[in-house]
Structures are given as C-alpha cells and as structure tokens.
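Residue numbers (this note's numbering), protein chains in the order written: chain A, 1346 to 1655; chain B, 1346 to 1655.
One thing to keep in mind: the hints can contain errors.
Identical copies carry no separate label here, and so any pair may be met within one copy or between two of them.
Below, computed lysine to aspartate or glutamate pairings styled on EDC-like, alpha-carbon distance capped at 20 angstroms [what the hints assert, rightly or not]:
#, residue 1, residue 2
1, 1631, 1603
2, 1559, 1528
3, 1631, 1600
4, 1652, 1633
Rather than coming from a laboratory, the hints here were simulated on the basis of the structure.
Number of protein chains: 2
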Amino acid sequence: MNADWVEQVRAGNPRAIARAISAVERGGNEARAVITALFRFTGRAHIVGVTGAPGTGKSTLVNEIAKHYRRRGQRVGIVAVDPTSPFSGGALLGDRLRMQDLSGDAGVFIRSMATRGSLGGLAAATADAVKVLDAAGFEVILVETVGAGQNEVDIARNAHTTLVIEAPGMGDDIQAIKAGIMEIADLLIVNKADHDEVSATVAALEMNLNLKPKSENDWRPPVLKTIATTGEGVAEVVEWIGKHRAYLEANHLLEARERARARAELEMVVQRELMARLLRGVNGTKIESLVEQIVARETDVYAAAEKLIG
Amino acid sequence: MNADWVEQVRAGNPRAIARAISAVERGGNEARAVITALFRFTGRAHIVGVTGAPGTGKSTLVNEIAKHYRRRGQRVGIVAVDPTSPFSGGALLGDRLRMQDLSGDAGVFIRSMATRGSLGGLAAATADAVKVLDAAGFEVILVETVGAGQNEVDIARNAHTTLVIEAPGMGDDIQAIKAGIMEIADLLIVNKADHDEVSATVAALEMNLNLKPKSENDWRPPVLKTIATTGEGVAEVVEWIGKHRAYLEANHLLEARERARARAELEMVVQRELMARLLRGVNGTKIESLVEQIVARETDVYAAAEKLIG
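The following block holds chain A by itself, in its conformation from the complex (with noise of 0.2 angstroms):
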C-alpha cells in the first residue's frame, strides 16, 4: 500500500479502501497493521445489521435503503456477507445486479465478504472492513447477513441497530420466529407485501411480541412492511433506524451497544490469536496422529486436546 494510504482512505478514496479491506480479508499481520492504523478513526459512524433468510429480498431492500439516504445526503458503506457456493464461482447473480445500481456514485462503497474461510475469520473480517468504512467517514454502514445461522446472526448484532426481514407466505412459518432471531430485531421489516399473507405475518410477529416481558424504557420494535422492489416502505425504514438511533442515546444505551460490541471482538481475536499460537508450537504430524488415535477410539477428542496443549 502507498504511504499515504491513511490519508487516503480517511479521505474516501475507493481504491485505497478496497485495498484495505483485502488486506484485513488476509488476516494476520497486514489486517492488524490496517486496524492500528485506523481504529482512532473509527467511531462515528451508525452500523445497521441486516439479517433474514435467504429469498426475503433483503439485499434489494438494503440497496433502497442506501439510495434513500444518498438521497438525503449521507454517505453508505455495505458490506454483504455473502455466502457463496464454490460450484457456482461465488459470483451471485444479486450481486452483480447490486453493482449496476449502485456503481458510479462515489457516495457508496459496496463489499462482499465470502463466508469461504473459517468461521472466526469471517466474523473478525467483518468488523474490520467495517472499521475501515467507518475510518473513511461513511455516516451508515449496512451489514447484511443471511440470517438463521448463529455465527451470522452474531455478526448482524453486533450493530448498532439489527434489522431483521422477514417474508409472507414462505411456508407455515414465520422464519425470524423459527430461526430464533426475533430476540435481537431492533426493527422487523416485513418485505414483499404486496403478496398474500402479509397481515397473517404481521399479526404473528405482533403476537410474539407481545409474549416478551416488557419494562418501561424498553424498545418494541415496530413492524413495518415494504415492497424493497418499488421502494414503497423504505422511508419509513429509514426514519425508524433514525428513532433507534435516538432511544439508544436517550437511554445511554449506544455506549452499551460499542462495549458489547468490543467484548465479542476482543474475545474472537483473543480466540483466534490463541490457537494459532498453540499451532505454531505443535508440529503437523502430531496433530495427524491424535486424530488417528481419535478414529481408532484410543483416545478421545478431550484427551487428545489435554495432549495437544500440553
């Protein structure tokens, strides 16, 4: 990278972003050179997570609402993580559609994280391309997960707001109550409602709602319904991200949110920098022959592991 790449970045430049974000996507010593550079840059910005399952039309609906405040002014950072399928070369067609929208508007930067490597790289990826988005002075960042999995509902939390889209009629069920991720929805967007069964859907995320044990100051997410494809519902959107944004300030509740958030990534890192310290000292071949002692049931996993640490 240049020398003035801090500068650069800070100054919003789009190829000295990218390079950054590529260099925390590698991990190791360049990705923490990037963060040390950066965090004291980092702070400023509104981190909305985005999460549902997939065929919810979240993607669509992240893009409306990235025009929306463009619209208003303000500068969006997306990061998608997007799970991709080795079959398929991991482009995704929604991605490339995403592109043509968005592109040529120095105002967006839009990243796709793979979820091809291992899943504490992928989370610890992730904040820091969003570190990176928000040294570089985007007011939003939108990080959008395919939700259901507890590794990317983990990701969509750690926000300072979480979005959890939801779809009508995609079988019996509603899919947020299911994957169990209705307890971490700040708002609940009910999308494609010009299709049958959304007030069925709304109904049924109104009543779980009303299970939830309620203090005074307490957040009840609203449900709001959208049609991502024409737009319609997406000020709303927008507008309730804004309302969030002031409850949580109100009830000095952002500070909360950013320690939560730095004690889940302290730990992640503190995890990850642990085993690869421990395989730096634990030569291959006696891993190799602790699982051949795992598969010939002469030793079990918890042995195996006392003898590898040692």
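Got chain A; can you put chain B on it based on the hints?
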C-alpha cells in the same frame, strides 16, 4: 448418575441416555467424563446430517425417515439442533408434534439441542450427544440443523451422509444455492413436491450440479422429490442414504470422513479449552478495562488481545 450408567446407556435405557446427554449439554468436566467412558463404544452408527432453510419441512421429513428405518427394524436417534427464541420459551410446536408422533417407541430417541448457548458450545454438545446415541447402539443417527449458517452447516457436514432440503416456490431463489450449501450435499431433496414450481426447482439444482467439475469416482448427489406430509419419496431417500454409505465404503472414504470429523472436533475442543484456561488466569476487571480502552479508541482490539494473552 448411577454407578452402572455406562451399561444402562449401552443397553439403550432411555433415562440413562437422557441423563448422559444432559451432562454433555452442561459441558465441562461432566461432559468429559461421559465421553471418556463412552467413546470406545462409538463408531458403529451411520450419521446423517439434514439441513435446509426454515420452512422446507425438514422436521417432518426427518420423522418420516426415522419411521421408515423403524419399519425395517433399525434403531434411530434424532438430534435436532433447534434454534429457540427466548420469547416463546423455547418450545416449538413442531417439536411437540414430533414427540406425539414417535413417542412410545423405544427404538427411537429424540433430543433437541438449543442454540441458546455459545457458538462453540452447541457444536461440541451436538457432537457429544451423537456419541452418546452411537454408544447406545442406535444404528442411524439423524442430525437436523437449520441451514444457512456457517456453524449449522459445520454441524451437518460432520456427518457420513448429508441431506440438503429445498422447497419449491420460496421466493425466486434456490435457497441451497443462495446459502452456499450445495457443495455439502450428498443427497439433494426437494420436499413439498406437490407444490407448484417443483420441476423448476429440480431443474435449477440439476443445472447447478452440472457446473461442478467432475472426476471419475465422484459422487453425484441425486435430486430427489418428497412429500414429507404423506411420506411419498421417503423410501427412495432411505435407499439413497444406503447407496451413499456403500459408495463411501467402496472408495475407502468412510475413514476419510471419520478423520475429518475427528480433526474438526479436536480443533473445537482445543479452542474452547485454551479460552477457558486464559479466562481462569485473568481477572474480570482486566478484561473490562481493556474493553473500555477499545471503546475510547485508546487501544485497538489486536493490541488489547496481545495484552490479555501477555
């Protein structure tokens, strides 16, 4: 637990099995003692992972598969990794229906694992629950997870045979492709085959399979149609699970899968144990003070991790 609990588990005593699984769910020394005692009796079951998005009818299909094995006189264990919402108290309707359907048959043991715990904790507990059922002599163990999440996918992939369930007409997309789980499928199943769009879904899956570069002894996942609510197509699924098992054996791949399973489990246990040891050696206020420093941007997360590991 009783002094002869190992014998009772091996004899298939449901209460002893339930107690042993509860112990592995609680984790720690108790989990360890159970696995240490039982691991030598494991390795005989055929482990079948079943994954797919919410709403695909996975649970109903798993039940029908279990019933089919029962008719052939085989004993079946079911481990359902159930995302539960704290709002709804964790008891899902599907689970209660399932219990009614199969309860009273000593040849079936069903256990739900909640995703409420920590990320690594659930995967470890699930792997250990499978070992308990394996030691208890269940010939087939079905492990059901909600697809789309990396963690859930990892759980399903640690099986001898992995079924990926799809349903037609859930939005415009093939969820298995969008969720990046095509490549872990040994069998692809389009459930709800009485719905519209079933042939479009089958064709899309077949087309996607054709994109995969093939070598000579490669297994090509069959695309099977089922209607779980009537049991249609279930016999063929069970037949294909058998064919896949035979394929693994003929190509000496069963051992390779066992080895991969052992390696993944070893890594998981080592990671948790390293973290637990670190936390025992550090006092909580040190962690909190580092978190505060990160929030105040006085230190970055990598430097904080360094200080913690020391």
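To see whether the hints hold, each was checked on the structure:
Taking identical chains as interchangeable, the C-alpha atoms of residue 1631 and residue 1603 lie at most 20 angstroms apart only when they sit on different chains, with a minimum of 18 angstroms there against 41 angstroms within one chain. With identical chains, the CA atoms of residue 1559 and residue 1528 are at most 20 angstroms apart within one copy only, with a shortest distance of 13 angstroms there and 44 angstroms across copies. Only between protomers do residue 1631 and residue 1600 lie at most 20 angstroms apart by alpha-carbon distance; the minimum there is 19 angstroms, versus 45 angstroms within a single protomer. Within a single copy, residue 1652 and residue 1633 get their C-alpha atoms as close as 13 angstroms, which meets the 20 angstroms cut-off; across copies the closest is 32 angstroms, which misses it.
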